[in-house]
Amino acid sequence: MKIRTWVYWCISVTMLACGGAPVPHDALSAAQADVKGAEVGGATENPKAALHVKLAKDQIELAQKQISDGDNEEATRTLNRAQADAELALALAKEAKAQGEAAEASEQVGKLRKEMSK
Amino acid sequence: MMRLSTRFVNGCVSGLYAARPALIAASLGLFVMACGGAAVPPQELLDARSAYAEAAKGPAADLAPAQLDTAKQSLDGAQKSFDDDGASQKTKDLAYVAQRSAEIAAAEGGREKAERLRAASDKDFKNAQVQGLENFQKTKQALAAEKVARAEAERKAAIAMSSLAEIAKVKEESRGVVITLSGSVLFATGKSDLLPIAQDKLNQVAKALTDQGFKAIVVQGYTDSVGSATDNDRLSLKRAQSVRDYLVTRGVPSEKATAEGKGANNPVADNKTPDGRAENRRVEIVVTPEK
Chain A
1029 MKIRTWVYWC ISVTMLACGG APVPHDALSA AQADVKGAEV GGATENPKAA LHVKLAKDQI
1089 ELAQKQISDG DNEEATRTLN RAQADAELAL ALAKEAKAQG EAAEASEQVG KLRKEMSK
Chain B
15 MMRLSTRFVN GCVSGLYAAR PALIAASLGL FVMACGGAAV PPQELLDARS AYAEAAKGPA
75 ADLAPAQLDT AKQSLDGAQK SFDDDGASQK TKDLAYVAQR SAEIAAAEGG REKAERLRAA
135 SDKDFKNAQV QGLENFQKTK QALAAEKVAR AEAERKAAIA MSSLAEIAKV KEESRGVVIT
195 LSGSVLFATG KSDLLPIAQD KLNQVAKALT DQGFKAIVVQ GYTDSVGSAT DNDRLSLKRA
255 QSVRDYLVTR GVPSEKATAE GKGANNPVAD NKTPDGRAEN RRVEIVVTPE K
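So the sequence lines, in the order shown, correspond to chains A and B.
Using the working numbering, you'd call the opening residue of the first sequence number 1029 and step up by one each time.
Using the working numbering, you'd call the opening residue of the second sequence number 15 and step up by one each time.
Simulated from the structure, these hints should not be mistaken for lab results.
Keep in mind it's a predicted model, so treat the numbers as computed, not measured.
Where a beta carbon is used, it is the ideal one built from N, C-alpha and C, also for glycine.
Careful, some of the hints might be misleading.
Residues on chain A that point at chain B, a partial pick, calculated with CB under 8 angstroms [stated by the list, open to error]:
#1 Gly1069
#2 Lys1082
#3 Glu1115
#4 Ser1134
Next up, chain A with everything else stripped away, as it sits in the complex (with noise of 0.2 angstroms):
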């Protein structure tokens, strides 16, 4: 009875230990829908955004091995990461369109002001 027990307990926590994390499938829809997000923002646009969405899609890749090896607690990790660079990847695609837009608001006040003093 107590070497029963003792067994089960031994098979649970082996279980829990190997396969107990769940498929991250929100995590990796979540990471898809920025690295999507990303693109649509302009991302593809900017060369340091684009490297942060090739980053973030290698990972994404990257996890979907680690899910099917059934590394889901790793494969957890890879999405997180796989979001920051989706999330910074549109960050920078933002900043790069402000400046070129700031840029050129200037420069049209400087055009304006040329005009004028002709």
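We have chain A already, so just place chain B on it with the hints.
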């Protein structure tokens, strides 16, 4: 383990028996690092720290404080993981995310700054447009006012000339506008005092001159050829001076008006006939126009 380490150190020390103490110290240092790996932060954490420090120095501190705070929490989480578990994969992953979080804060600060600059430029642009329009309207108004003023001046001048034409002969010559007044309406024979009727006429001349404006006038007196040249010269000068002085009393600037006696020179008619002589007895006012 302990015994092994001691043997390793002993081995090193005996092997480098003749080596300099610095080399021994370096070997010991390496050994300490290898054994106490937990004390060395992973590259990811170092990168996260410097990314956060960079972001905190930039515009994010003022313009994206919320995201910067998120980055700080993320970095603190990675640091805690390192303190608890050392340079584990979890620590590295957290530090990786923390670094991105700091970079996101920096990018948001940069975006906010650029958006503010853009808003300021847009405002400048609008102000410049308004100013440009104002300048344009001012210029237009000034041009219109100038046109009106010029038309008014021309009208006044035309009136002055036509009123003058009623009492005197007005002719444009290369030396200027010449106003010729007949001597008989101005002076009694042989005299240089103005007749009362002459004053009315000269009042009109003075008005026309002051209305129109001029650079200078020369009042020239002429006689007919009767009598001596000396007498004629003297009389013509005195008459010219009378006219000039009177015009000055009527508002013609004294520094712009001079008088000359021309005697019987430059006759405009035949001195052999009485009519011709009457025509030659005259006062000419030569007006040099402005500009």
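- Query: Does the interface hint hold: is A:Gly1069 within less than 8 angstroms of chain B, judged Cβ to Cβ?
  - Reply: Since chain B brings no Cβ nearer than about 11 angstroms to A:Gly1069, farther than 8 angstroms, the hint is violated.
- How about A:Glu1115: closest beta carbon in chain B under 8 angstroms, or not? holds (6 angstroms)
- Per the CB criterion, is A:Lys1082 less than 8 angstroms away from chain B? violated (14 angstroms)
- Query: Should the hint that A:Ser1134 touches chain B count as held when the rule is a Cβ pair under 8 angstroms?
  - Reply: Check passed: Cβ of A:Ser1134 comes within 5 angstroms of chain B, closer than 8 angstroms.
Checked against the numbered hints given earlier, this structure breaks hints 1, 2; the rest are met.
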